[in-house]
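Asker: Spelled out from the first residue to the last, the chains are:
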Amino acid sequence: DAKTTQPPSMDCAEGRAANLPCNHSTISGNEYVYWYRQIHSQGPQYIIHGLKNNETNEMASLIITEDRKSSTLILPHATLRDTAVYYCIVRVQFNDYKLSFGAGTTVTVRA
Amino acid sequence: EAGVAQSPRYKIIEKRQSVAFWCNPISGHATLYWYQQILGQGPKLLIQFQNNGVVDDSQLPKDRFSAERLKGVDSTLKIQPAKLEDSAVYLCASSQVRTSGSTDTQYFGPGTRLTVL
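Chains as they are written, first to last, in our numbering: chain A, 1 to 111; chain B, 1 to 117.
Since the hints were derived computationally from the structure, they do not count as laboratory data. Please note that a few of the clues may not be correct.
[Said to hold, decoys possible] Computed cross-link-like contacts, SDA-like style, restricted to lysine to any residue with a CA-CA straight-line distance of at most 25 Å:
(1) K69/A with L80/A
(2) K98/A with N52/B
(3) K3/A with G40/B
(4) K69/A with A88/B
(5) K44/B with L51/A
(6) K44/B with R64/B
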């Protein structure tokens, strides 16, 4: 598995965009970038994933650099309910079934 | 669409007792996973089923942990006898099998928080 590196924590003001970085410098060509988050006392929640193109859904946007060695998850308008641990995971779909969670980034959204 | 269901949500037992957790995956999801999450750490895979067959149980402590998915839908995870270090949140997740246009994104249940005294 390619490993990921994330900052341990970050703060964000409510209503502002939160930009969460992730480094995955050893990512393979067929590995996807997945983002999950875990709100306190809940199970991990899928956010978004992508291979090389930028992706957007109702929760967030995923920006992957052209060399695919890093990515940024963007929460466009952070709310207090976005306070959680965010995990960046790289894996091959179907062949690499195990999700290898690192320490993640603890994001605190402040009013 | 209903999510992954788990029960109980909380369980407190004494060491050397036994305990069982139940999981009902998202309808139509053939693949089911059990993860263990110790406080302050990310979840770690214990076992994966596809339908009623085990795909990977290499990280399951088989001397005390067992899991089954007899009819390919619901699953139970059992610990017997429990140790203090088994105190953790036990998470169940499910995903689709590979078909045209599908992804194998894993969706998690709320987890069962186990405390072993």
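Asker: Confirm or reject each hint.
Answerer: Verification of the supplied hints:
1. K69/A with L80/A: Outside the cut-off at roughly 30 Å; violated.
2. K98/A with N52/B: Roughly 18 Å separates the two Cα atoms, so the pair holds.
3. K3/A with G40/B: holds (19 Å)
4. K69/A with A88/B: Outside the cut-off at roughly 33 Å; violated.
5. K44/B with L51/A: Between K44/B and L51/A the Cα gap is close to 24 Å, so the pair holds against 25 Å.
6. K44/B with R64/B: The given pair, whose Cα atoms are some 17 Å apart, holds under the 25 Å limit.
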